[in-house]
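Engineer: Here is how the chains run, residue by residue.
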Amino acid sequence: MSVLVFLDQSDGHIKKSSFEAASYAAKIAELTGTNAEAIVLGTVTDELSILGQYGISTVHTVANETLNQIDAQVYTQIIAAAATSINANVVVFSNNFSGKAIAPRLSVRLKAGLVAGAVALPDLSNGFVVKKNVFSGKAFAHVAINSPIKIITLNPNSYSVVLGTASATVSTFTTEFDAAKVQVTDSNKIIGEVPLSEAELVISGGRGLKGPENWGLVTDLAKLLGAATACSRPVADVDWRPHHEHVGQTGLAIAPNLYFAIGISGAIQHLAGVNRSKVIVVINKDPEAPFFKAADYGIVGDAFEVMPKIIEAVRKLKQA
Amino acid sequence: MKILVCISKTPDTTAKIAFTDNNTKFASEGIQWIINPYDEWYSLVKAIELKEADPSIIIHLITVGLADTEPIIRKALALGGEEAIRVNADSHDSFFIASQIAAIAKEGQYDLVFTGKETIDYNGSSIGGMVAELLNLPYVSLATSFSLEGNNATMIREIEAGEETNKVQLPLVVSCQKGMAEQRIPNMKGIMGARSKPLKVVEPVAAESYTSISAFELPPVKAGVKLVSPDTPEELVRLLHEEAKVF
Ligand SMILES: Cc1cc2nc3c(=O)[nH]c(=O)nc-3n(C[C@H](O)[C@H](O)[C@H](O)COP(=O)(O)OP(=O)(O)OC[C@H]3O[C@@H](n4cnc5c(N)ncnc54)[C@H](O)[C@@H]3O)c2cc1C
Ligand SMILES: Nc1ncnc2c1ncn2[C@@H]1O[C@H](COP(=O)(O)O)[C@@H](O)[C@H]1O
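Taken in order, these protein sequences are the chains called A and B.
Per the working numbering: the first sequence = residues 1114 to 1433.
Per the working numbering: the second sequence = residues 1047 to 1293.
Hint data in this document are derived by calculation from the structure and do not stem from the laboratory.
One or more of the hints may lead you astray.
[As the list claims (entries may be wrong)] Listed next, the stretches of chain B that the computed footprint assigns to chain A, with coverage defined by at least 3 CB atoms under 8 Å from CB atoms of chain A: (1) 1051 to 1064; (2) 1140 to 1153.
[To be verified] Okay, the calculated beta carbon distance ranges per label pair: (3) B:1117 / A:1325: 38 to 48 Å; (4) B:1076 / A:1178: 54 to 64 Å; (5) A:1162 / B:1228: 47 to 57 Å; (6) B:1263 / A:1197: 46 to 56 Å; (7) B:1266 / A:1277: 27 to 37 Å; (8) A:1178 / B:1099: 32 to 42 Å.
Quick caveat, the model's predicted, so the values are computed rather than measured.
Cβ atoms here follow ideal geometry from the backbone N, Cα and C, with glycine treated the same way.
Taking the hints into account, I'd like the entire structure generated from these sequences.
Structural biologist: As structure tokens, this is what we get:
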């Protein structure tokens, strides 16, 4: 038996959420008295032996360039072959875009129960029970997986990595796979910015900011802090900001360490995407704004007066 | 060309979430049920738009649920679709639900299966991928646009911090999200017409359930907001740095 974790790469680099998934997989292996191994597909420039520090004993690679585009069907085929060859009884993914596309397919292929969006280690005291988010962050469910093989997708930012000093063995995995049926004809990614789903700090703006010309109040603070930027739905709907920044029930659900909301009322559908943030800060001129009920810190005030001062104070702090 | 649109029922987005029976059951008393927003606004409306462009397209709706899902499926039929199929089973196991949908999709030889991005209650975002694997078809997840030219579909899908364009030949499974279509409100004609559209009830095929919910839990209540005066915003920065230690 063993635990297998899928490492998601982009442009040759392993994603941060995959390191979390690796640590999480290693802890499950420790709890069940087995090894944690990893698989990464496509050509990777990162040094893979450092995965040993995250508790991974062996990293299996399939360094084939055609795999640099993720095709869920092909990936499933390869990961299933790897899981079978190392006799994995638990397979871990990050609950990100790739995890959401691949894990359900793998679940069918391995006849393995899937819990999507886990937020904690499985409880092994009575079977195999995984805590996950339900009702868009408004509750948790404890879900028992009853099949011999278990698949978990871990929500980003919900498991802290613990670093050791070991080094992982890197080994080439060979298997046959089909050609992709999905043809990717164009791809545009914002490279270099912090992806919202993985960001630890998020600065977000709502309709209270009046127009896209005022977004400097959001982006200046984000830049100083190395934070990602987000927005409420109406802001994306009128194209003040790109759609991938929209958080909430119908947008992205995130759980950063800091969610800093400026001029957002805090409608229940907005909260559904951000209520798992560890610290919530609300800047709103209306003391009755519902967001204050979900906030840890707040200022009842005009964003146009308060924000420049906050940005200045952060700038000073960063220079100190 | 036949499209199968998956419809699920969820509590209204503003519903109060509570549990009964020692936290093992969702407290459904007084809950207003709606069509899962992703299924309604994006996947169903997209199918309807495709049919408006090509009237020979046939749209069927499917839901896996007990008789109490019928009002929801009728509501969906009021927007569009020729007929609905209800698989008479109650389950929260994604594999079980996906097996039912795949069985119907196979039997009816649909060219396209549309699901929503996720259900807003159980948040699995799994059914589409499972159906695709069960049918050995490609699956394009999180599509924000979809167009057809003969048998070739072109889609834009969301990826991390961006998007990509995919081209695939039908048959195909797609999960739909924001951007696919604009929300519509059913008109009187649609509502009246929905009453006479066929709603077939079929019994489930045998399928495994690999998961079961053992309990629910509500998140801990927040301690309450600490307010800083608007005259001293720098104090907020100090608190975030020294007390909350987030930067
Ligand atoms: C099914 C459904 C799904 C939805 N999904 C989402 C979702 O995923 N995400 C989402 O965000 N919304 C979603 N919504 C919409 C949601 O209900 C709200 O309408 C939306 O979140 C409001 O956005 P907002 O807070 O930016 O704007 P508003 O509600 O207009 O709030 C603006 C806020 O800014 C404050 N303000 C104004 N001027 C200033 C100033 N000078 N300084 C400081 N504060 C100021 C105001 O007091 C107000 O609180 C959904 C709705 C439905 C029905
Ligand atoms: N009981 C159900 N009956 C029909 N379709 C469903 C059902 N549950 C989920 N779906 C479809 O699968 C999508 C994803 O659901 P989930 O994987 O549960 O988040 C939903 O948006 C629906 O389109």
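Engineer: Evaluate each hint against the coordinates.
Structural biologist: Right, here's what the structure says about each hint:
1. 1051 to 1064: Since three or more residues must qualify, the claim that chain A covers the stretch 1051 to 1064 of chain B holds, with 4 doing so at under 8 Å.
2. 1140 to 1153: holds (count 3)
3. B:1117 / A:1325: 38 to 48 Å: holds, 41 Å
4. B:1076 / A:1178: 54 to 64 Å: Because 57 Å falls inside the window, the suggested range holds.
5. A:1162 / B:1228: 47 to 57 Å: holds, 51 Å
6. B:1263 / A:1197: 46 to 56 Å: violated, 35 Å
7. B:1266 / A:1277: 27 to 37 Å: holds, 31 Å
8. A:1178 / B:1099: 32 to 42 Å: holds, 38 Å
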